[in-house]
Structure formats: structure tokens, C-alpha cells
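Each chain is listed here by its residues.
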Amino acid sequence: MTIILGFIQLVIILSLAPFCIGLVRFFKARLQGRRGANPFLSYFSLATLMRKQMVISTNTTWVFRLVPYVVLGSTVVLAFILPLITFGYSSNLFVVAGILMIGAIFLVFGGIDSASAFGGMGASREMTISALLEPTIIITLAGFAVVTGTSDIGDMVAAQITIIQTPHIILSIGALIMIALSENKRYPIDNPSTHLELTMIHEAMVLEYSGPYLAMLEFASYIKITIFALLLSNIIWPSLFLLESVDFISIATIIILTIAKLIISMALLAFFESIITKIRLYRMQEYLTGAFLLGLAGLVIALITNTL
Amino acid sequence: MNTQMIVFLIWFSLIGSFSASIIALLGRRFIIQKISLAILSIAALVGAISSILFFLSAQANIIIGSSSILFGSVFEIDYLSALFFFIVNTVICIVALFSIGYLPLYSKTYNLQSVTFLMALFIFGMQLVLISTTPISFLAGWEIMSFTSLFLVFTDKQTESIKAGLLYLIMTHLGAGAILASFSILSKGLFFASFDEISIISSDLSIGLLGVTFALAVFGFGSKAGLWPFHVWLPEAHPQAPSNISALMSGVMLKVALYGFLRLALSVWPTLPTGWTYIIIFIGLITAVYGVLYAVVENDLKKILAYSSMENLGLLFSMVGVALFAQSINQPLLFTTAITAVIIHTFAHALFKSGLFMGAGVIMSQAHSRSLEVMGGLAHYMPKFSGLILFLILTAVALPPFSGFIGEWIFLQEIINTIISISQLNQGLLITVLATFSFVGGLSIFAMVRMFALIFLAGSRSKEITHAKEPNFLLSLSVALTVIASVILGLGAPSILKIIGLGSLTINNGLKTSLALTDGNYNPLLIGSLIIGSIILVFSLRYIFSKRKFERAYHTWDCGQPINSQMEYTATAFSAPIRFFFNILFSFNKKIIDTRIIPNNKWMISRHIELNRKHIWFELFYRPIARLTLLLSTLVRRIQNGIIQFYISLIVLALISTVFLSI
Chain S
1 MTIILGFIQL VIILSLAPFC IGLVRFFKAR LQGRRGANPF LSYFSLATLM RKQMVISTNT
61 TWVFRLVPYV VLGSTVVLAF ILPLITFGYS SNLFVVAGIL MIGAIFLVFG GIDSASAFGG
121 MGASREMTIS ALLEPTIIIT LAGFAVVTGT SDIGDMVAAQ ITIIQTPHII LSIGALIMIA
181 LSENKRYPID NPSTHLELTM IHEAMVLEYS GPYLAMLEFA SYIKITIFAL LLSNIIWPSL
241 FLLESVDFIS IATIIILTIA KLIISMALLA FFESIITKIR LYRMQEYLTG AFLLGLAGLV
301 IALITNTL
Chain H
1 MNTQMIVFLI WFSLIGSFSA SIIALLGRRF IIQKISLAIL SIAALVGAIS SILFFLSAQA
61 NIIIGSSSIL FGSVFEIDYL SALFFFIVNT VICIVALFSI GYLPLYSKTY NLQSVTFLMA
121 LFIFGMQLVL ISTTPISFLA GWEIMSFTSL FLVFTDKQTE SIKAGLLYLI MTHLGAGAIL
181 ASFSILSKGL FFASFDEISI ISSDLSIGLL GVTFALAVFG FGSKAGLWPF HVWLPEAHPQ
241 APSNISALMS GVMLKVALYG FLRLALSVWP TLPTGWTYII IFIGLITAVY GVLYAVVEND
301 LKKILAYSSM ENLGLLFSMV GVALFAQSIN QPLLFTTAIT AVIIHTFAHA LFKSGLFMGA
361 GVIMSQAHSR SLEVMGGLAH YMPKFSGLIL FLILTAVALP PFSGFIGEWI FLQEIINTII
421 SISQLNQGLL ITVLATFSFV GGLSIFAMVR MFALIFLAGS RSKEITHAKE PNFLLSLSVA
481 LTVIASVILG LGAPSILKII GLGSLTINNG LKTSLALTDG NYNPLLIGSL IIGSIILVFS
541 LRYIFSKRKF ERAYHTWDCG QPINSQMEYT ATAFSAPIRF FFNILFSFNK KIIDTRIIPN
601 NKWMISRHIE LNRKHIWFEL FYRPIARLTL LLSTLVRRIQ NGIIQFYISL IVLALISTVF
661 LSI
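Protein chains in written order, with the working numbering: chain S, 1 to 308; chain H, 1 to 663.
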């Protein structure tokens, strides 16, 4: 049963992911006073990329070809095990952090393997941020684990702990939002629509990829942002209708609800990105330290509340 | 019957490794060294099998050798020593196999006969340490191990090696002296008493004396294991030895030091006061942070691996510290789990680190350098070998389906489970441990990924790389064996825990066994198959939705200019953000040096960057000690004025004062 639910979740997430990124671009354009492209455009750009011819650099090794599969594959695992539409399946917090890291590592390999300074620079930055973000992820999720009494992210959501019951959880949620922004390379860490190599992180690494491989890497980043958006909304409103049985009506409602969650969170993200600026790379440690301290404060307060 | 079999096999293993050293002395021809190494490998294999048999026989301990002259049993195998005996022998078996293929490549640099002789003796010493039950045989094995490894550091007779070797000599002997002192206080001079007896003898020691033995043991075993602040020799000495010896030193010898400390902590000392366990934890954590930071910024391949060993040993010692801490605050579950984590991580580290050092040997034999700056693109020329190293790297960085993850997972998961139910000061400690472990974990990923990517990926930065070839069968086989063993350990950890009698940490749900702690479980097979499954899914979907071979080759885009390997990102540049963020700890000096191309034209200059990688700890702590020692010896030299009457009067004075003291 859980496996069937997992597959349903996977299919829904995979089919909604391009829409999700289309939404944030659309909202952002509106906030900037532009008309913006159709939110469904990402489906067409992925389809176009899949049909294009690939250019593979002669400097690359076999690892270059492995990268898109592993990056997309590891993201698919996350879409399968995390509590996004159902309650998820064996999603221990350390395992989730580890699988996130596998994707990051292979992306870095792809960046370096392109043998250009752009790829190397992006890879170096990505690796720095992922490495320094690791303690924040663990500490923040440990905070949730202490509050809910379980280390499984699925059970954390199932524990139905809301901000109203345990207001101190808001610190951990804040840290989780900061993690989500930097994991997805959004503002203020990275500018996702930049064309200037000095400010790029994610785009610099995928610069040498083209055609189907680029489509896979882009798709992986779309899935990742969808995952984080849904995970955050499920943690903030845990009791809000997760799929528990397989019948047409509940699946239909869950799809509508998921789309609603995505629209709200993407609108908020677009709004947030419109009012802040990207920070300089060499001030990144301030952001990362801030996120860590927020997560740590969440954990400490959770522990103190627990002993009271 | 079974007991006799185990005793026989262990004797076979010991005599095998000792006779291997004798055989190596018989002649200079390489065939003799080959036989010696083969015997060594078989002896180690037998040793590993004997410890498996020991676990299957489910006995508490088996006496291997006893003698009435030496007052009781001298050699004995029990649970802890069997675990380490297995880990150590497995790695030795693979490394000895590797040496058969590796040493002939360096027949001009090293004296193969002495390398083989010393290596066999080194291994014999380590085996002896593990099955000793009395301080005297323990120390005998320890000294054999230290001395042979010292000469192995010297083998290429370069100035750097001799310098590193001398540093090692000083540290290892101060350490051995401290261990000797610690044992003699604990046993009250009875060096032939077994550890169990010492535990009874020392039970009436005052807390102050116990503290002295604790401090001495931390220094003694810590200096061997490369713990901060006694680590200075490790990143110098490990890289200077031949690569197969580095594999043994990092993969095995450090584990023997850990074993020694565990032996004292678990079977000799009473439960330690909580404050003392804090010391072990913090020394371990500082070592881990220090090691990993230097592993990130270092450019020398073998030094990166040595620093990474420091990091892992730091993590292991803080796990031991947490176990003892749990014992002192009476948390038996955390104690068991932490010790389990120590054992699993010891095994995982022994395998991947020896594999990586052997890999480094192969890489250096092709690239003729240790610097990451001249490598790159090796995966073009040795694709299969690079695949093996990729596996080892993924194991080393503690990611889910691999073996490096298991120990850390067990440990951190149990910390999260325990943290709720203890007092607030101790909660603070455990939060520190949790945060530092994940910080170190993140940076170790940085270090390992950087190492792999700059060696194997992109274009090659030197001419030597373009002549690189896949290594011969024996070399690939031994590296592959470490990969296979790591994968088995990673995926089969729950079953392995059952065999070694720690089945209480596993849960049997249906067909699959997963690791389970109070709340949280992890099934490596499930996660592994999910990852592999989804990669296959992605693979097949990609071929359904797009054409198979619709691609062309072209050089990398570089703003329309031609591109060469000089334009790639370098190793130094790759770690620049970390160097920048943590410069307060490194305090490296970066200098930009201008040289004029035409002497009288100040506008046309070529610039290069010089990065002074000084070690702040060495400058602040060891240099003053060295200066003080020099100063004292200059003062003492005044006495040595060459007048014989003066010397004789000194002797008389010394005698008289001794008489007074003894009265």
C-alpha cells in the first residue's frame, strides 16, 4: 500500500514540477511589471531540449555522462520517500540529507569535468555552500525530531504538530526556509536567471550540458524546488490533507490541493525574491551562519521546552 | 575441537607473518620477496578467518598461549581483540597482495628486501599487540610496530623523509614512554599481570593517580593516533612512506592505537568521571575539525589522505569519548550504540583509507607527482580504475548506501534519541557533538570530492598524465577488493552486526533486516536499491523520450577563444572560499609577486601568487618548545667543559645525593 501511494506521489510530483518553476517565473515577472511567460512554458522547453542534438565536450570523461542520471535519480528518490502528498516512506533525516548531498556531489563533478573555468568556479561555490549547509540541515531537522519525538520526516509530518500548539517551532521553520533557498540556489544565494558568470552557481555548472542531459539536470532542479515547497507547506500545516487511500476522489482532491499549495508557496517565493538582493559570495558565510544559529536556537528551545 | 582450531589458526597467522620477515632476509631476488608477501597475505587471511570462527563459536575468550615462566596467560583473544584482529587482518591481507604488484614499480627507489622485511615485522608487531593480555607483551608488540614503521618512513632516504621520520621517532617514543608509565602505575609494577588482574589491582588507586594514568594514556595513544595537539608527525610521516606502507599506517596502525585506548577504557579503568570524558570528546572533535580543514586546503594527494585519517580518528575518539560519557551518566543504550558505531566506522575507515592510499600509489606511479595541480583528466586514460576510486570516495564521504555512513548514522541517530532525556549541560555537549560531526562531514565531502575531481576529471595538466595506463591486474584487484568489502559492509551492516552479537540494534521486518534504534531506522539495502532503481528508471525514460546517439563532439565553450588545460580551475582556486571563510584559523599569507618582463619597464609585469601554507599550531606551540629545548641544552653545555676532574666530581655529587634521597 505505501509503495502504491509512493508511486502516485512520484507521478504527481514529476508531472507538476515544471509547472511549479513556471509559476515562480510568472509571478516574478508580474511583480517586476512584465507580462511574463505562460507558466506551462517549462513543459515545452523540456520537450524541446529532449529533441535537440547534444554537444559533448571533447575534454570530458565518462563521469560527465553519468552525472545527469545520478542527479535526476537521487532527486527522484527524494520525491518518492519524503512526505509530500502522502506520508512518505522510510525518510530518516540523515538519509534525506545524504541523498541531497549525492545530487550535489555529482553536479560538482559535472561542473569540473567540463574543463572550463566557469564550471570549476560554479563547482567550487556549490561545494562550499553544500558542505557548510550540512550542519544546518542536521541541526534543524534534529530540532523537529526533538519536538515530534521521531527522526523520520514522514512521521514528523504525521505527528501533526502545528505552530499554534508549539510556537517555538517557528525558529526551526525559519531555518528550514533558509536551507530551502540555498539548496535550490535561489535568492539570496544565487540568481537563477543570471547570464553573468561571476554571479552564477548552478548555471555555471550546467553550462557545458545540452540537449537531453541539460533537460534532465533542469528537471532535477525543478523537482527539487517542488519537493521543498511541498515539504515546507506540509510542515507548516501538517494536517492539511495528505493522501491515505487510493480512490479517484481523494486523488483528485489531493492534486487540486497540491496545486494550491504550490501556487501559494511560489507566489510567496516570487514576492520574497523581488524584495531582496543577492548577497556577495564572500559574505555567504554570514547567511549560512545565520541559518545555523536559527536552527540551533530552534533545537535548544525545543529541548528546554521539553524538560519544562 | 573448535577452540583448538581457532588457537591453531591464530598461531598459524602469527608464525606466518614472522616467518615472512625471515624469508624476506633470505635473498635479494624479487621472487623471494614475492613469496614472503604471499605468505604474509595468507597469514593475514587465516587470522581474519580465525576471528570469524571466534564469533561463531560464541565464547567469551580463548587463551592462545600461556606460560608458567611468565606467570599465566600471555596471549588471549576476546571479543574486543577479535573484532580488531579481524579488521586489521582483512586490510593487511589486501595490502600485502597489493605490495606484490606495487613494489616492483619502485625497485630503483626502495631497497625491496628491507621494505618487505620491515613490513612483515611491522604486521607481526600489530598482530601481537592485539592478542596481548599483559602490558609486557603489549608493549613489546607496540615497540616492534613503532620501530619498523619508523624505518619504513625512512626507506626512500630523501631529506624530507628523514626529517619526517625523526619527528615521528620523537613523538612515538614519548608516546610509548607515556603508555609504559601509565601501565606501570596501574599495575603497580606487575608487568606480567593480565589486564583483568590489573583492573583489580588498580581498583584502590586514588583519583589523582588514576587521573595521571588517564592523561598519560591520552597522550600515549593519542600521539600514535594523531590526535590534536600531538598530531604534527602524522601528516609528515604518513605521506613519506611507500604507498602500501601508508595504507598500513593509516588503515591499520592508527586502529591499533585506538584499540589500545579502548582496551584501557573498557577493561582496566573503572567508570571515568564525566569531566574526563569531556576531555576525550573535545580532543577528538578538535582533531576532526583541524584534520578536515587542512584536508580541504592541502594540494598534496597523500597529505590530503593523511589529514583525512586525522579527521576520522578524531571522530572515532570522540565517539569513544561519548561512549565513556554515556557510561558515566548511566545511559547503557548510548554506550552500546557508540561502541558499535566505533567498531563499524573503524572497519569502514580501515577499508576505504587503505584503498585510497593504494589508489594514491597507483596514481603517483602514473603521474610521477603528488601535487593535485599537475593532475587532471586521469579518467580519460584509466576509466576502470577511476570508477573504483569513485566508489571509495563515495564511501569515504559518508553517504547513504555506503559503509562510511553506517557508523556515523548509528552514532548521530542515538544522540538524537538520547538528547531529550539527559541534563542540560550534557545536552549542550551532545548538541556540540552533533553539530561538529555534521560540520566535519560536510567539509570531508568537500575534501574528497575536490581530490577526486581534480585528479580524474577534465583535461590533463601535465604531459605525464597523457602516458598513463590502467594499472596491472594485481593492483586493480586489491583496490577492487577494498571496494567490494566496503560495499558488503555498507549494504550488509545489519547482518554483520548480528554475527558480532549486536543484533539488538537491528530489526527484522519481513525479508529485509534494517538497523533500528529507539526511533529511527535505516535499511541500507532498501535505500541502495531505491537509488539504483531510480537511476535505472531515469536511464530508461531518457531513451524512451529522446534519440539514442544524437550528439557531436566539440571543445568546451570559452567565450569563442581556444581553450587549454591551463585555463581549468586549479586545486588552490577550488578551495579558495573555504580558505577565505576560515582564514582566521589558517592565517595563510597570500602574496602577489610582480616580476618585470623588461627590467626598466614597470608597466609590463608578470604576476604570480604565492600561498604560504604555514601551520599555525606548529608555529605557536611546537616552535616555542623547540626553542626552549635548544636554550636549555645551550645552558647545559656549560657543564660539559671537557675537564675530567669536574665530571668526576659531578658523579660523586650525584652518588651522594642519591644516597641521601634513598635514606
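Some hints could be false.
Unchecked claim - With a straight-line Cα cutoff of 25 Å, these simulated SDA-like cross-link-like pairs (lysine to any residue) come out:
| # | chain 1 | residue 1 | chain 2 | residue 2 |
| --- | --- | --- | --- | --- |
| 1 | S | Lys52 | H | Lys498 |
| 2 | H | Lys549 | S | Ser45 |
| 3 | H | Lys469 | H | Tyr622 |
| 4 | H | Lys547 | S | Tyr43 |
| 5 | S | Lys52 | H | Ser369 |
| 6 | S | Lys52 | H | Phe545 |
| 7 | H | Lys590 | S | Ile177 |
| 8 | H | Lys498 | S | Ser90 |
| 9 | H | Lys463 | H | Gly387 |
| 10 | S | Lys278 | H | Phe582 |
| 11 | H | Lys469 | S | Lys278 |
| 12 | S | Lys52 | H | Leu537 |
| 13 | S | Lys278 | S | Leu232 |
| 14 | S | Lys278 | S | Leu196 |
| 15 | H | Lys303 | H | Tyr79 |
| 16 | H | Lys547 | S | Leu196 |
| 17 | H | Lys469 | H | Val374 |
| 18 | H | Lys591 | S | Gln285 |
| 19 | S | Lys278 | S | Thr166 |
| 20 | H | Lys591 | S | Tyr282 |
| 21 | S | Lys52 | H | Lys384 |
| 22 | H | Lys549 | S | Ser90 |
| 23 | H | Lys547 | S | Leu232 |
| 24 | H | Lys547 | S | Ser210 |
| 25 | H | Lys547 | S | Ser90 |
| 26 | H | Lys549 | S | Thr58 |
| 27 | H | Lys303 | H | Gly211 |
| 28 | H | Lys188 | H | Gly211 |
| 29 | H | Lys469 | S | Thr58 |
| 30 | H | Lys303 | H | Leu502 |
| 31 | H | Lys549 | S | Lys278 |
| 32 | H | Lys108 | H | Gln158 |
| 33 | H | Lys590 | S | Ala47 |
| 34 | H | Lys547 | S | Arg283 |
| 35 | S | Lys52 | H | Lys547 |
| 36 | S | Lys52 | H | Tyr622 |
| 37 | H | Lys590 | S | Leu41 |
| 38 | H | Lys384 | H | Lys498 |
| 39 | H | Lys547 | S | Lys278 |
| 40 | H | Lys547 | S | Ala47 |
Note that these hints are calculated values from the structure, not bench results.
Here is what the structure says about each hint:
no.: 1; hint: Lys52(S) <-> Lys498(H); result: 53 Å, violated
no.: 2; hint: Lys549(H) <-> Ser45(S); result: 21 Å, holds
no.: 3; hint: Lys469(H) <-> Tyr622(H); result: 43 Å, violated
no.: 4; hint: Lys547(H) <-> Tyr43(S); result: 18 Å, holds
no.: 5; hint: Lys52(S) <-> Ser369(H); result: 42 Å, violated
no.: 6; hint: Lys52(S) <-> Phe545(H); result: 11 Å, holds
no.: 7; hint: Lys590(H) <-> Ile177(S); result: 37 Å, violated
no.: 8; hint: Lys498(H) <-> Ser90(S); result: 22 Å, holds
no.: 9; hint: Lys463(H) <-> Gly387(H); result: 22 Å, holds
no.: 10; hint: Lys278(S) <-> Phe582(H); result: 22 Å, holds
no.: 11; hint: Lys469(H) <-> Lys278(S); result: 46 Å, violated
no.: 12; hint: Lys52(S) <-> Leu537(H); result: 21 Å, holds
no.: 13; hint: Lys278(S) <-> Leu232(S); result: 22 Å, holds
no.: 14; hint: Lys278(S) <-> Leu196(S); result: 13 Å, holds
no.: 15; hint: Lys303(H) <-> Tyr79(H); result: 34 Å, violated
no.: 16; hint: Lys547(H) <-> Leu196(S); result: 32 Å, violated
no.: 17; hint: Lys469(H) <-> Val374(H); result: 17 Å, holds
no.: 18; hint: Lys591(H) <-> Gln285(S); result: 24 Å, holds
no.: 19; hint: Lys278(S) <-> Thr166(S); result: 32 Å, violated
no.: 20; hint: Lys591(H) <-> Tyr282(S); result: 19 Å, holds
no.: 21; hint: Lys52(S) <-> Lys384(H); result: 30 Å, violated
no.: 22; hint: Lys549(H) <-> Ser90(S); result: 38 Å, violated
no.: 23; hint: Lys547(H) <-> Leu232(S); result: 37 Å, violated
no.: 24; hint: Lys547(H) <-> Ser210(S); result: 14 Å, holds
no.: 25; hint: Lys547(H) <-> Ser90(S); result: 36 Å, violated
no.: 26; hint: Lys549(H) <-> Thr58(S); result: 16 Å, holds
no.: 27; hint: Lys303(H) <-> Gly211(H); result: 34 Å, violated
no.: 28; hint: Lys188(H) <-> Gly211(H); result: 15 Å, holds
no.: 29; hint: Lys469(H) <-> Thr58(S); result: 19 Å, holds
no.: 30; hint: Lys303(H) <-> Leu502(H); result: 36 Å, violated
no.: 31; hint: Lys549(H) <-> Lys278(S); result: 40 Å, violated
no.: 32; hint: Lys108(H) <-> Gln158(H); result: 14 Å, holds
no.: 33; hint: Lys590(H) <-> Ala47(S); result: 49 Å, violated
no.: 34; hint: Lys547(H) <-> Arg283(S); result: 44 Å, violated
no.: 35; hint: Lys52(S) <-> Lys547(H); result: 9 Å, holds
no.: 36; hint: Lys52(S) <-> Tyr622(H); result: 62 Å, violated
no.: 37; hint: Lys590(H) <-> Leu41(S); result: 48 Å, violated
no.: 38; hint: Lys384(H) <-> Lys498(H); result: 34 Å, violated
no.: 39; hint: Lys547(H) <-> Lys278(S); result: 39 Å, violated
no.: 40; hint: Lys547(H) <-> Ala47(S); result: 12 Å, holds
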